[in-house]
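Engineer: First to last, the sequence lines map onto chains H and C. Residue numbering for the first sequence is 43 to 312, as defined by our numbering. Residue numbering for the second sequence is 168 to 444, as defined by our numbering.
None of these hints come from the bench; they were simulated from the model. Treat the numbers as computed from the prediction; the structure is a model and nothing was measured. All C-beta atoms in this analysis are idealised placements derived from N, C-alpha and C, irrespective of residue type, glycine included. Check the hints yourself; a few may be wrong.
Anything over 12 angstroms on all C-beta distances counts as not near chain H; from chain C, calculated [claimed, not checked]:
#1 D173
#2 N195
#3 S225
#4 N243
#5 N266
#6 D279
#7 D304
#8 Q329
#9 L343
#10 D353
#11 I364
#12 E377
#13 G411
Restraint-style ranges between C-beta atoms, simulated for each label pair [to be verified]:
#14 C:Q175 / H:P242: 18 to 28 angstroms
#15 H:R243 / C:L236: 52 to 62 angstroms
#16 H:I134 / C:W278: 13 to 23 angstroms
#17 H:I138 / C:L241: 51 to 61 angstroms
#18 C:F281 / H:V183: 32 to 42 angstroms
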Amino acid sequence: MATEQQPRREWSRPTAFYNHYVKWAVYVAITVFLLWSAWNMRISPDRILAGWDAAVGLVQGMVPPELTTQFKNDLLIEGLVESVAMSVIATIVGVILSIPVAFMAAENIAPKPVYWTGRGIITGSRALHELIIAIIAVKAVGIGALAGVIALSYKTIGFFAKLLAEEIEDIDTGQMEAVEATGAGRVQTMLFGVIPQVMPRMVGLSIYRWDINIRHSTIVGIVGAGGIGGTLLNSFDQYDYDFFLTIILAIIAIVMVGELISTYVRGRIQ
Amino acid sequence: MLSVTDLQKTYPSGDEALKGVSLDVTGNETVAMIGPSGAGKSTFIRCVNRLTEPTGGSVELDGLEITGLSGKELRNARRDMGMIFQEYNLIERLTVMENVLSGRLGYVSTWDAFRRKFVGDDIARAYEVLERVGLEDHENNRADELSGGQRQRVGIARAILQRPKILLVDEPTSSLDPETSRAVMDLLTEIAAEDDIPVLINIHEVDLAEEYAERIVGLRDGQKVFEGVPDELDETARGQIYRGEEIPEGAGPTGKVTAEVGGSGESSTEEGNIRRT
Chain H
43 MATEQQPRRE WSRPTAFYNH YVKWAVYVAI TVFLLWSAWN MRISPDRILA
93 GWDAAVGLVQ GMVPPELTTQ FKNDLLIEGL VESVAMSVIA TIVGVILSIP
143 VAFMAAENIA PKPVYWTGRG IITGSRALHE LIIAIIAVKA VGIGALAGVI
193 ALSYKTIGFF AKLLAEEIED IDTGQMEAVE ATGAGRVQTM LFGVIPQVMP
243 RMVGLSIYRW DINIRHSTIV GIVGAGGIGG TLLNSFDQYD YDFFLTIILA
293 IIAIVMVGEL ISTYVRGRIQ
Chain C
168 MLSVTDLQKT YPSGDEALKG VSLDVTGNET VAMIGPSGAG KSTFIRCVNR
218 LTEPTGGSVE LDGLEITGLS GKELRNARRD MGMIFQEYNL IERLTVMENV
268 LSGRLGYVST WDAFRRKFVG DDIARAYEVL ERVGLEDHEN NRADELSGGQ
318 RQRVGIARAI LQRPKILLVD EPTSSLDPET SRAVMDLLTE IAAEDDIPVL
368 INIHEVDLAE EYAERIVGLR DGQKVFEGVP DELDETARGQ IYRGEEIPEG
418 AGPTGKVTAE VGGSGESSTE EGNIRRT
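Same shape as in the complex, but just chain C:
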C-alpha cells in the first residue's frame, strides 16, 4: 500500500508544484490523477520514486518511508515501483529483450549487466511478459523500430518484470492516438488486475480516467481539489479541477471525499484536509 502524506515540492525557482498533497493507494485499485497541465501530476508521481526530490511530506510504501532513503536503500525501494512514462523512455538503440530485462537491473551485478547476463528465470519471465503484452517474436527488434503503441507495451513489460508492489504511470497515452490509447489502457489495467498490482496513473483524458479508474483524484495548482469515484466527477467537479471554480455552498457530494471508496479509513480525515486548504 502506498501512503503519501502532505507531499510538498518547491522547485529552486520558487515554483510551488505541490502544496501538500495526501493520497493513499491500497489493495489493487487503480487511481487516476487528473488535472490541467502544470497542476503537479507528474511532479507527484516522480516524487514517489524520487526521480524528483520532494521538499516536504512523507511517502510510505508498505510501511517503508521512502523520502529519507539514499544509495542502496533507495535503489532497493525503487525496485518495488514500476514506472511507465509518457514518452515510453525506452533505450532506443537496444533490443526489445534488453529493454524488458532492464527491469531486472536492480537484481543483477554490474558485471552481469555489462555482459547482458540475466538469470534464466528472468529471461523465461521476459518471454512470458512479452507474450502477455502481445509482442512475441519481437524480442530481437530494436526499440526504435517499433510503433508508439508497441513501444508503450515494451514499457509496460519492463515495469511488470520488476514484480513491482505498485505501478506509477505518467501520462501513458499522451503520445498515442485514441484507438491505441484504449488498447494500451486495456492492457495496463488487465495486467495490473491479473498480477494484483495497484496503479497510480496520471492522465489527461478525463473519459479514459472515468472508464478505467476506480477512484479519481483532481489536482489543481499543486493541491488536491477532488477525490471520488468516477460517477461523482460531474460538471461542478470538472469546473473546480480545470477552471478553478469555487465549490458552491451546500452543493452535493461533489468535491467531497467519499469514505467508502478504496476502503481506506484515512479518507475521512483527508476530507478535513481538503476543506482547510
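So that you can see chain H by itself, here it is in the shape it has in the complex:
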C-alpha cells in the first residue's frame, strides 16, 4: 500500500522567531541580562537578610498606629481635607479646560491644524509626571495647595481630553448632520449633535479622573505642593513610624471611599 511507504509526518508548533536557533539565542540573552543586572546591583543573600531585619524593625515601629496625640490628629485631618479639596478643584478646573481641547483633538470634527494643536496639548500634558509638574509649580507659585492644584489640573487635561476626543471620534455622525441640516451654527451643532452623545462618557470620565486625582493629591505634597503628602514625608523623616502608618491607613480609607462613590455614580449613568 502506498500509505505504508510514506515516512511518518512530524509537526512542531511554528515559532514567533525566525527559527528555533534564534529563539534559544534570545532566551539565553535574556537570562544573561537578568543575571548581569542582579550582579550589577550587588543583590546578595547577605543584603537580603540584613534588609529583612531592617524591614521587620520598621514594621514593628509602625504598629500600632498612633491615634492619641491631638496635635497629630489635627495635622492628619487638615492634610486629608486639603488633599480631597485639591482633588475636587483640580478635577473641575481640569475638566473645564479639557472639553475644548477634546473637541480640538477629535479628527472627525476639527480641521487638520486645529487637530494637531489639540493633539500637541494632550501629548504635552501626558509626557511629564505630576511630580515634575508639581516641582515646577512650587517654584512658580510657592509652597502650598495652589501648586498641587496646578499640577493635577495639568495632568487632568491630558487624560480627560484624550479619552473624550476618542469618544467624540466614535459618535454617530448622522445625528450631527441632522442638526447641521437645520441651519444650526458650529457651536450649536456641537451642543445638540455631539455633546448629548458623549454626555454619559463625560460624567463617567470626570468621576474616574476625580478618583485618580484623590490618589495623586496625596503624593504631590512630598515636593511641597500641599495635601497630606507633606505630613507623610515629615513623619517618616522624624522616625515617627506609628504616625506614618496612621496616615497610610487614612489615605487608603479615603481612596476606597472615593472609589466606592466613583463606582456607584458610574453604575448609575450607564
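Starting from the known structure of chain H, fit chain C onto it as the hints suggest.
Structural biologist: Positioned in the frame of chain H, the structure of chain C alone reads:
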C-alpha cells in the same frame, strides 16, 4: 421652487456619483427619485443642502444659488430646507421636544440654544406639530424610547418646524415595516400638502413612489434615465432604471420627459439632455 442644473459629484476616490443631473421641483408637487442602490439618489439630495459638496452644476432655491454659499449664508439657506433621514438621525439622548425644537436652531442664538430657551411661539408650534404627527403627550420621552415609526414622525416634525420651502426626504421608509411605511408616507404627503411644501423624496419601494408621487425620476449610474408621471413607469422604464436596458427604437412615451407634468417649461429642454447623455 428648487431648480437643479447639471449637478455633478465626483468623490475623491474617483467615483462619479452624479454625472450631470438636472431636476426641477415646483409648486407643491411631490417628486420621487427611484433607482438601484448606488445610483446617486442620496448623493443628489445631500448635494442640494450641501451636506455633501457637489463638484459641479448649480442648485437654486427660489432664485438663490446654493452652491457658492458659505458660513452664515449657507446656514440661512439650510433653514429653508427641511431634511428627513433614513435612520431618522434624531438626537437619541434628548427628549422629543428638544429634537423637534432643534429645527429652530438656525433662528436662536448659541447661548439660548445652550439653555434650551426657545421663543414661546416656537414651543407653541412644536406642540401643535407634535399633535399633527400624532405624538401628543410624548414631548418628554427620550427619542431612544420611541419605536421606528414614532421616531420618523419626530423627524418629520423637526423638519416641519423649520417652516421649510422644500422637504428633502432621503429613504424615509427603508428602516420601517410596510405598514408603518405607508402610515409615514401618508403623514408626510398630507402635511406637505396642507403646508404647501414641495417634496423631493428618495425611495426604494417603487410601489410607494407610484402611489404617493406626482412625478417620478429614475436615476441610474448617476444619470437621469427616466422622468414622468407614475403611469408612464411601465416595464420598459423599470428595465432601464434597474437593469440598464437600452431604450428600444421607436418605443412609446416611456423614457421621455413629459412636458405637461409639473407645468414647468424647462422639462422640454431636459428631454434633449437625456437623449444626449
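Engineer: For every hint, state whether the structure bears it out.
Structural biologist: Status of each hint after checking the structure:
With a cut of 12 angstroms on Cβ distances, D173 of chain C stays outside the contact zone with chain H, its closest approach being about 23 angstroms. Every beta carbon of chain H lies more than 12 angstroms from that of N195 of chain C, the smallest distance being close to 21 angstroms; the non-interface claim holds. For S225 of chain C, the requirement that its beta carbon stay farther than 12 angstroms from each beta carbon of chain H is met, with the minimum near 20 angstroms. With a closest Cβ-Cβ approach of about 6 angstroms to chain H, N243 of chain C is found to fall inside the 12 angstroms limit, against its non-interface label.
Consistency note on N266 of chain C: stated as away from chain H, yet its beta-carbon is not over 12 angstroms from all of that chain's, at 9 angstroms minimum. D279 of chain C, annotated as away from the interface, has a beta carbon of chain H within 12 angstroms; the closest lies near 10 angstroms. With a least CB separation of 22 angstroms from chain H, D304 of chain C remains clear of the 12 angstroms interface cut-off, as annotated. Remark: the non-interface label on Q329 of chain C conflicts with the geometry, its nearest Cβ contact in chain H lying 6 angstroms away (cut-off 12 angstroms).
For L343 of chain C, the shortest C-beta to C-beta distance to chain H comes to about 16 angstroms, beyond the 12 angstroms cut-off, and the non-interface label holds. In this structure D353 of chain C is separated from chain H by more than 12 angstroms, as the shortest Cβ-Cβ distance comes to about 23 angstroms. Its beta-carbon lying about 15 angstroms from the closest one in chain H, I364 of chain C satisfies the requirement of being farther than 12 angstroms from that chain. With a closest Cβ-Cβ approach of about 28 angstroms to chain H, E377 of chain C is found to remain outside the 12 angstroms limit, as its non-interface label requires.
For G411 of chain C, the condition that its CB be more than 12 angstroms from all CB atoms of chain H holds, with the nearest at approximately 31 angstroms. The supplied range of 18 to 28 angstroms is broken by Q175 of chain C and P242 of chain H, whose beta-carbon atoms lie about 42 angstroms from each other. Between R243 of chain H and L236 of chain C, the C-beta spacing of about 35 angstroms breaks the proposed range 52 to 62 angstroms. In this structure the supplied range 13 to 23 angstroms holds for I134 of chain H paired with W278 of chain C, their Cβ-Cβ distance being about 22 angstroms.
Hint check: I138 of chain H to L241 of chain C, Cβ distance near 31 angstroms, so the stated range 51 to 61 angstroms is violated. In this structure the supplied range 32 to 42 angstroms holds for F281 of chain C paired with V183 of chain H, their Cβ-Cβ distance being about 33 angstroms.
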